[in-house]
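Chains A and B supply the protein sequences, listed in that same order.
Every letter in the first sequence is one number past the one before it in this note's numbering, and letter 397, counting from 1, is 397.
Every letter in the second sequence is one number past the one before it in this note's numbering, and letter 78, counting from 1, is 78.
There is no bait here: all hints are sound.
Chain A side only, calculated, beta carbon under 10 Å to chain B, not exhaustive:
#	residue
1	S33
2	D68
3	L75
4	R76
5	H174
6	K178
7	L182
8	L183
9	S186
10	T190
11	Y197
12	R201
Derived lysine-lysine pairs resembling BS3-like cross-links, with alpha carbons at most 27 Å apart:
#	chain 1	residue 1	chain 2	residue 2
13	A	K14	B	K169
14	B	K170	A	K69
15	B	K64	B	K82
16	B	K169	A	K156
DEER-style ranges, computed between Cβ atoms:
#	chain 1	residue 1	chain 2	residue 2	range
17	A	E94	B	K78	58 to 68 Å
18	A	E94	B	P121	52 to 62 Å
19	A	F64	B	P174	23 to 33 Å
20	B	S154	A	S257	17 to 27 Å
21	B	D12	A	F64	36 to 46 Å
In case anyone wonders, no lab produced these hints; they're calculated from the structure.
Backbone N, C-alpha and C fix where the C-beta goes; we use that ideal spot for every residue, glycine too.
What follows is the residue order along each chain.
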Amino acid sequence: MASYHGNTHSERAKMEQIITEFFAKSLHIILESRCPYVSSRNYSGEQVLSSLSPSSSSSSSSSFRPRDKWFNLALRDCPAALENIDFWRQSNLEPMIVDVILMQRPIDWDPLNFSPKTGFVSGKERHYYGSDNEEFGCEGRNERIIERWVLQYESKKNGGSTGSKKRSNCTSSHALYKKSILLLRSLYATVRLLPAYKLFRDLTSSAHIRMYNLAHRVLSFVEPFTRREEADMQRFVFTPVDASCGRLCLSVLYRSSVVDMGSDPSTPLSPQFIPEYVGSPMAEPLKRFPSGFVSQSSPSSSPFGRRHSWSYDLYRASQPSANPSPSPSPTYSDSHASLAKQRCRRLPPPSLPHHLPDETLIAYMKTPSYDEYWPSPVFSPSPSPSPPTYVPNSHTSKALLRCESAPVSIPVTKLSSMPSLPNKQLMPPSPPLKATLLTAAENIAHLLSFSKDKPHQISGARPSVNSSPSKSFSSRLSFQDDYDDGPFVVEDDEILYPSSRSGLFELPGHPNEPGGTLFVKRSQDAAVGALVRMLKKAPPLHQDLQGSTLQTPTNSIKDTTEISEEPRVQQSSASNIVSSGLGLVTSKTTANALEELHGYRKMKDSFLKLK
Amino acid sequence: MNCEICQLKELDVEHFEIHEVLRCKILHTILFHRALGLVRPKDIDLELFEITYVQCGDVELERKVDEKIDQFLDRVDKHPNKKNQICLSFYEVKNKQPTWFTNKVERLYWEQWYINLNVAPHQKGHSGKSTSSKIVVDPEAEERTVRRAALEASLRDVLFQIIRFVNEKKDHIPPIPNLEGVSFPYEITISSSSDSAFGMEMFKRMLQTGHPTMLS
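Bound-form chain B, shown alone (with noise of 0.2 Å):
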């Protein structure tokens, strides 16, 4: 089985708007495409954003994205003139057969989605507090209201490029072992980018395809 992987188109983003793009982005589009259990979907409106995205409202999982979340943020924070990464993995547990050499559970990924971000250096007196009423110069206003407009747009592109994906791509997909939230256990990897680290870790994972390591 092959592991379909999905580069999303970059994004360049503000620190503020980490959090509403990568919920957006997560959950709307890839999540909710892989719960295919029984669910009752939720539409929720980004505050930054003239978008609508939809949760298949499982609790854990809103829990544990927004977990991914924070961990991302605060990587941003730690380097932040670094290319950030978050990588959505589909997996697959295989026959749990322990051998001599190891006896790790072995992950079959059949499918992998990698969000790439472009956190421009956070400001201070900015509005990391995007949604107060700031009064702000009127040019910068004007740009930021541009910027804002070309994210969106980007955004709206970047959904729709994962609805082709998941359109194009159903023969790879496994039979469905949960009928309750997401149907396909997965995991969520952070990383950031140096130049040669961050290549390294590609050139492995296309090396270990259908094996991957797990990041920290």
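Looking at chain A on its own, in the form it has when it is part of the complex (with noise of 0.2 Å):
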């Protein structure tokens, strides 16, 4: 009696063992041929491949584990099983449920941009849910519950066993034992004839980046499938398998279809060219930079490497008064507007003057589209930002820069601080080069009435002058260099204003005066000298009219040079300060300036036969 009991508690233990085992055999069927993943963990997938390989032979040399033995079928190793295993000789013989889940990649989805995004979840990372977590979206746009394996065991409410049982609870476990064998073979060979299998394999034995994964997960409870998604799914059930006290249920929905839903081109693994990546200049030769670049990516802040294929021919490309692309933070322009004040105040000495109008002429040459107020990059000696930083609405379209920098406005008042100078003198809004002309022709006038006028003044003058070097050189150099203060920036008594040219000849005293005549004869003379002077020292503007203007007014300065020896010195500085001037003579005030210079040596034949 003692060993009946003793019988049926080790056959019923045999048989529970044999359930949970059963369990564990077949969560390794189902996820060794849909658990595409391989884990570091006793795993390797050379002994997938080769055992995936026709060569390998089943009955090869290597030892059977233990659990191998289990239903006489030695399975490879399935890490993801064997983590769910453990947990689950817990579960006390609960329902066990498998899904296989399709992840799908989106249709936009860039291999050559790869990285996973959300939405694609690898079967390592959701190869296990517990029992709890259903909150899992399985019906998600990138995923889809392709199969459902369903495991129970349903125990029978009388599973006591008595005597007239004894013999088939002796042969129950061994017969049990035997039909589960049975059944894992038959599950052997289903799982590999289902859709499914064929999406494990194209993962598993492919190179190529497929645009689909395959994820599971081993839940004891489960939402069940809607009528809809089960009329799209079909059913196979395996015939259940009796127990003394209940029996194995095995079934699986599965979706035919999935070989279409899996089935895309997929993406080999091969470098590609792109010609035209995101942030080369020939995808957007154009294009703005947004604010948060500033001033490593804009154009116009680009190093030096890169300035002259950026910031130059979006300099040319671009128009100051057709949206040109604007600095990348107005603060940037600003700033750098002020760093180019800052250089080009720190510019050389006066002599360079004589140098600038060749370069800022070669500037307006360059760039005749422009208004005369961008300079060219060419002789940018700074790498300051291009001119690109046009701000629109400001006044720096009025002025006129030597440098890479940002346009900066001409106050017009200071020009008009000058008492002599007449309304239609000041410098109009627009080119300063128009008003620059006009401004010296009207300063030789000027200077001509004045040393008329107020002959004394003219020593007067010259202490005036040169009482205030720094003043006109500073003059000089805002002038050369910044032109904020206008083209001249000069004392009102060193100005000739040409435009007064009836002015010149109105003498303050009768003509027939010795004296006078003397003092008019001299101060004439040394207007004429000084313009003479003052020609002679202007640069040529044109090459056409280079020759010209230096052949016409040669007869001319030699025969007032003798004359106008002695007031040179006194002229000196105004002619300096004419001639810088002149630097911005146009051809056409050159020839204002020799009809005068004509009309004066008329002037002075009709005093010398007077005489």
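Can you join these two chains into the complex? Each is in its own frame, and there are hints to help.
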């Protein structure tokens, strides 16, 4: 009796063990053909491939492990199954539901720029979900359950063993075991006939990047499929295996159209050359970089290496009037404008201004389409940003810049402070060059008239001129460098106003007065001499005109130099100032000056005749 | 003990497909379910179809099966216009009690599998070299592709039929005598049908259930 109960107890224990191992073996069979990822634990891909290849022999010399002997079926290692099985051994034979999930990447997924995106989860990460995890969105847009294996042990209510069933219990475990072997054989064959196995093989055997992956989850309870979902699936039910206290039931719901879902043009792992990558100048040459990049990626602030390719092209391409590329940030452009100013002020010595007109002229000639406010980047002395930092609605368009800086406005009020300047001599808002030319002519005239009217003031002016060399120097520099105070920032007394030409011939005294005549003669000669010197020192404005400008006044210069040697020194500073202004004289103003020179010459002759 | 007989669905195959179909059907489905000893299964991919079948890994078994398949091919060549059949039988050896009538070893068949193949006439020039990369005319290639797909589907159905049969019929299986390879003795027989002869053979087998005659 005791032995009977002992046998019964052992028999029940055997059956329970058989059932437990059956669950483990079933899970192993399912996951080893559905879980494509390879774990480093106790597992090697070579084992998988070798076992999958036809050349592998099932009767290899490799020893069978204890778990292989269960149900006489030695399987490949499957870490996912092992991890789940360890937990399931403690589950007290709860139903086991294994969902095989097809994870699909988005359609617009780019393998070149591959990076794991959200929504694509590898099987390793989601290989197990506890029994309480029911919030998994299995019907998400990228996930679809393609198989659902349900394994459960249905216990009978009357599971007690009696004497009459002793033999059946004894044989039950044996029969149960044998039938379990058959069932597992069928399971092993079935998992390889279902459509999902093809996906598994494609994932494990191919080196291509697939647009899908297989994941799985092992649960105890799941929400059943809806009728609509279940209508798309087919069911295969294995014949239950009867046990003494219940029966083992195994079934599968699977989608027959899995192959269509998973079939997609695989992307080979071959490198591709992208000719126009993001950020390439070829892709978007006129691309405006956001303010976040500012000083680093902005073409106007690009480093030396790229500035020539970016900034200059952009400079030439962009039109200040027609929607130019603005500075990356206003602060940046302003800062660079101020920096440009500072750099310009630090420019060299007064000798430079003689070269300045050439450069500025070159600038203007090179950029004829622009207003004359934009200097050419050719002679940019500093790595300051190129001009495309044009800021509309500012007065910068009115300024002439030497450096590659933001244009600076010209305060007109400073020019208007010259009392002797008539209104028309005020620099017009637009081209300061024209204003410069007019001013130069006017200065000449003024100088002549001044020398005529106030001869003593010449000497007086001399100290005024010489007493403030720094002022004139600074003003000259300012003219050279900033142009913000106008082309001429000189003392009123030192400016000649050629426009008041008639005033030049208005002698204060009677022309017949000898003293006055001599004085007049000397003043006129001085003015002429100054004019001549001015013209002599003036650089050639144009190649075509250069010869003519040099030739025509030569004779007159020779004549006048003999007469006007005395006031040469007095007029030197003024002439320098004027010559600097004449640096901006165009051919048209030179012609006017020449005409005036001729006029003076005639006057001189007339005076000599009168003598 | 009853003999469970399973008539598998007839398949229309071409000559070059016989070998793979038979190997798949015999090895994958039947013998694997009857090799109840300790095995390390081996997955084999068919070349002509996207089907993976399982071998139990018994080298001797594979050799015997290949021999029978070759015999079947010879029979097909000899009788091209006949239906051909392969029978896989499992039996158990009864107690060898010699009688004065016979000393034959009595075999008790407990399971028989009939594999029916309708072999298309072998056309020379067609790809009996199916694996070759011949360029065929488009209509023929398309027709062959359609036929191949239909055959694959039928073959898959046959495999599921075997699995269902194995699952449904378990009680007739005798105790496992051998734990190595195929656990039960078996035999593979080949027969080609003529209209009358084939029917008579089937009638004989039905009458002699449990005592099938061995046909050469």
